[in-house]
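There are 2 protein chains.
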Amino acid sequence: MSTFKQIVLASRPKGAVVAGNFRLEDAPVPSLADGQVLVRNHYLSLDPYMRGRMEDAKSYSAPQVIGEVMIGGTVGEVVESKNPKFAVGDKVVGMLGWAEMGVSDGVMLRKVDTSHIPLSAYLGAVGMPGMTAWYGLTQIMQPKAGETIVVSAASGAVGSVVGQLAKLRGVRAVGIAGGPEKCAYVVNELGFDACIDYKAGNLIADLAAATPDGIDAIFENVGGEIFDACIARMNPFGRIALCGMIAGYNGEPMALNNVRTFLTMRLSLRGFIVAEHMDLWPEGLKELGTLVATGKLKFRESVAQGLASAPEAFIGLLKGKNFGKQLVKLV
Amino acid sequence: MSTFKQIVLASRPKGAVVAGNFRLEDAPVPSLADGQVLVRNHYLSLDPYMRGRMEDAKSYSAPQVIGEVMIGGTVGEVVESKNPKFAVGDKVVGMLGWAEMGVSDGVMLRKVDTSHIPLSAYLGAVGMPGMTAWYGLTQIMQPKAGETIVVSAASGAVGSVVGQLAKLRGVRAVGIAGGPEKCAYVVNELGFDACIDYKAGNLIADLAAATPDGIDAIFENVGGEIFDACIARMNPFGRIALCGMIAGYNGEPMALNNVRTFLTMRLSLRGFIVAEHMDLWPEGLKELGTLVATGKLKFRESVAQGLASAPEAFIGLLKGKNFGKQLVKLV
Chain Y
1 MSTFKQIVLA
11 SRPKGAVVAG
21 NFRLEDAPVP
31 SLADGQVLVR
41 NHYLSLDPYM
51 RGRMEDAKSY
61 SAPQVIGEVM
71 IGGTVGEVVE
81 SKNPKFAVGD
91 KVVGMLGWAE
101 MGVSDGVMLR
111 KVDTSHIPLS
121 AYLGAVGMPG
131 MTAWYGLTQI
141 MQPKAGETIV
151 VSAASGAVGS
161 VVGQLAKLRG
171 VRAVGIAGGP
181 EKCAYVVNEL
191 GFDACIDYKA
201 GNLIADLAAA
211 TPDGIDAIFE
221 NVGGEIFDAC
231 IARMNPFGRI
241 ALCGMIAGYN
251 GEPMALNNVR
261 TFLTMRLSLR
271 GFIVAEHMDL
281 WPEGLKELGT
291 LVATGKLKFR
301 ESVAQGLASA
311 PEAFIGLLKG
321 KNFGKQLVKL
331 V
Chain L
1 MSTFKQIVLA
11 SRPKGAVVAG
21 NFRLEDAPVP
31 SLADGQVLVR
41 NHYLSLDPYM
51 RGRMEDAKSY
61 SAPQVIGEVM
71 IGGTVGEVVE
81 SKNPKFAVGD
91 KVVGMLGWAE
101 MGVSDGVMLR
111 KVDTSHIPLS
121 AYLGAVGMPG
131 MTAWYGLTQI
141 MQPKAGETIV
151 VSAASGAVGS
161 VVGQLAKLRG
171 VRAVGIAGGP
181 EKCAYVVNEL
191 GFDACIDYKA
201 GNLIADLAAA
211 TPDGIDAIFE
221 NVGGEIFDAC
231 IARMNPFGRI
241 ALCGMIAGYN
251 GEPMALNNVR
261 TFLTMRLSLR
271 GFIVAEHMDL
281 WPEGLKELGT
291 LVATGKLKFR
301 ESVAQGLASA
311 PEAFIGLLKG
321 KNFGKQLVKL
331 V
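If you're matching them up, the sequences are chains Y and L in order.
Here my numbering is used: the first residue of the first sequence is 1, the next is one more, and so on.
Here my numbering is used: the first residue of the second sequence is 1, the next is one more, and so on.
Calculated from the structure, these hints are not laboratory results.
Remember, predicted model here, so these are calculated numbers, not experimental data.
Backbone N, C-alpha and C fix where the C-beta goes; we use that ideal spot for every residue, glycine too.
Some clues are possibly wrong.
[Claimed, not checked] List of simulated lysine to any residue pairs, SDA-like, C-alpha gap at most 20 Å:
#1 Y/Lys58 to L/Thr261
#2 Y/Lys58 to L/Ala208
#3 Y/Lys58 to L/Pro236
#4 L/Lys82 to L/Lys58
#5 Y/Lys199 to Y/Leu24
#6 Y/Lys58 to L/Gln142
#7 Y/Lys58 to L/Met108
#8 L/Lys58 to Y/Ala209
#9 Y/Lys5 to Y/Leu24
#10 L/Lys58 to Y/Asn257
#11 Y/Lys144 to Y/Arg169
#12 Y/Lys321 to Y/Gly248
#13 Y/Lys298 to Y/Lys58
[Stated by the list, open to error] Covered stretches of chain L (chain Y as the covering partner; in silico rule of three or more C-beta atoms under 8 Å from a C-beta of chain Y):
#14 41-51
#15 110-122
#16 236-248
Start from the sequences and build out the full structure, keeping to the hints where you can.
The following block contains the structure:
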């Protein structure tokens, strides 16, 4: 194989992302310099944060450059190595982007053990999404046994882990998801105490019924009306981990109306990016890896086949069409 | 004197507070039981939190009961005592309400030293408002030297202390106040680095000019558009102490539009009530008392004369007509 496929950002979205914002290209397989590793990617991770990178706006990281390979987490196998720390055949997790292959200097590449944990899980429950859940729950929400938390996008890669970790700590976990199928999964498979279908049109009443003792902490992935409805039910000294606002990624207004509740209930809110807290990853990944390996932490994957399917899969993710962690299978 | 004047809540406001929501009454001077103290109040403190108590809404404290004496902080002098801890002539601070006299069992009454600190200051810079400023600054905003903070209602009893404490810590302090007279006072008398007149109609541009390096922490007393404009200029990891939202106390919409910034800038926000943190009062009051006694912490008072003037003074406070700490002189 002398070339491989990759996808670059062709243009910035105007409103919703469209397939034409991406371009599939052939790239030559490079020759390695000393210290470099060539990786054949097996799975690409699709995550909501990528939507933010497509904008040319002030945010926590630089925008994706037009014409360059789209950023993305990957797992794969080393196929050539001029780095003594990596051998051919090693399974690795890295950030090699929307591409079938990638070259790394080894700094951001991590060998993983697939004897008890599937390779793809390192992009989900035992990877960045799992750590996002773990950080928000343990560092910001800090629920005590018997308290009630609410998790939006509860069937997703992050939300599903938040609720399961909470249940393991004796916390009442209430999810919010779109549609009866996802809600059934959240309750019956993941073990949440309840799940509210925000598409059913009774968000406020359903939320009240599912949180009879109010809400002590929120893990927020969505923003907008759903977030506002949750804030209105917060108990004194409630904590909010603000992880994402996917409802507003196309520029939709995301106003919060229940701001007064932050004062009257003495709430705390913190926005966070898990990549800024790498010091806690070893502790978090240890718990997450053990739980996955022992079957105590469940996850579900939506797998698109082939790199060319990535744009449509990503557009679907932004609309909530995925069910669980969205991956693209590359081999 | 066999009777004294007191003001009770006559009715709850429908929108803005009006004088008719209060009723001036005569009350008999009571006979003391064992352990009780009779206090002649010298000053009544008027504070924005009282507006919240007038509502019959879920909040951090029970609503003011109709027909009962309005809640309020007071300083005064013991005129009769059946409590061994208090002697006639003692100067005391307490919560004896909108009344010329009051009876206390001594539990919530505190003797104060007026040899270096004026009695009225115990209702302001060395009292609840000063502690509110101290708590928000030192426990939530935690600015480092060289950082920039913004304080709304900067000429008020709380905001004026926030900025002065910040300046003593080497922090750039930018105030927001209504009108050129208040702004001149904030800069020239209190020593803030800049003050923005929100009534001048250039809030966003003026804020940008006064905070060229962005904003690292906010002390929020007002809410609404002013708060939103400040959030838009926050630096990464900015902290927000949410103390009050006086712009919305009559039920005005207080929506925040810049919610996405909480995520992109990884902001922290916490609403707080200083009365819930009594453990820190000794430390805070020690600093505040020393600064007032040595002239390093300045304050200004708006003094209304006589209990009957309290309703109009309170209505003025809610409209920003006061200049500094609003008091009512009772003797």
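**Request:** Find the hints from earlier in the document that the structure breaks and name them by number, from lowest to highest.
**Result:** Violated hints (numbers, rising): 4, 5, 6, 7, 13, 14, 15; every other hint is consistent with the structure.
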